[in-house]
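Trainee: Using my numbering, the letters of the sequence shown map in sequence onto residues 1 to 44.
It should be emphasised that the hints constitute simulated quantities derived from the structure, not laboratory data.
No incorrect hints appear here.
Heads up, simulated DSSO-like pairs for lysine-lysine below, C-alpha to C-alpha not over 30 Å straight-line:
| id | residue 1 | residue 2 |
| --- | --- | --- |
| 1 | K3 | K17 |
| 2 | K6 | K24 |
| 3 | K2 | K24 |
| 4 | K17 | K2 |
| 5 | K17 | K6 |
| 6 | K24 | K3 |
Ranges of calculated distance between the beta carbons of each label pair, as one might list FRET restraints:
| id | residue 1 | residue 2 | range |
| --- | --- | --- | --- |
| 7 | K6 | P34 | 28 to 36 Å |
| 8 | V9 | T38 | 26 to 34 Å |
| 9 | P11 | H32 | 27 to 35 Å |
| 10 | T35 | G8 | 33 to 41 Å |
| 11 | K2 | G43 | 17 to 25 Å |
| 12 | T38 | G8 | 27 to 35 Å |
| 13 | T42 | G8 | 26 to 34 Å |
| 14 | S41 | M10 | 18 to 26 Å |
| 15 | G8 | P34 | 30 to 38 Å |
| 16 | N12 | N36 | 22 to 30 Å |
| 17 | R19 | I40 | 12 to 20 Å |
All of these numbers come straight from a predicted model, not from anything done at the bench.
Glycine residues also receive a C-beta, built at the ideal position from the N, C-alpha and C atoms.
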Amino acid sequence: MKKFMKEGVMPNLLRLKRRGVFIKALPVLSTHTPTNWTTISTGA
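Given these sequences and hints, build the entire structure.
Mentor: Shown next, in the form of structure tokens:
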């Protein structure tokens, strides 16, 4: 995504990145979908 933001392909995401927090997230080790969605939505 960083490449596309730099190239101007994803301007809206770049704008959100500049206004907030942008980090590399690591998923929960299991592939349990509800747990992963909770992690994504809460930033926990």
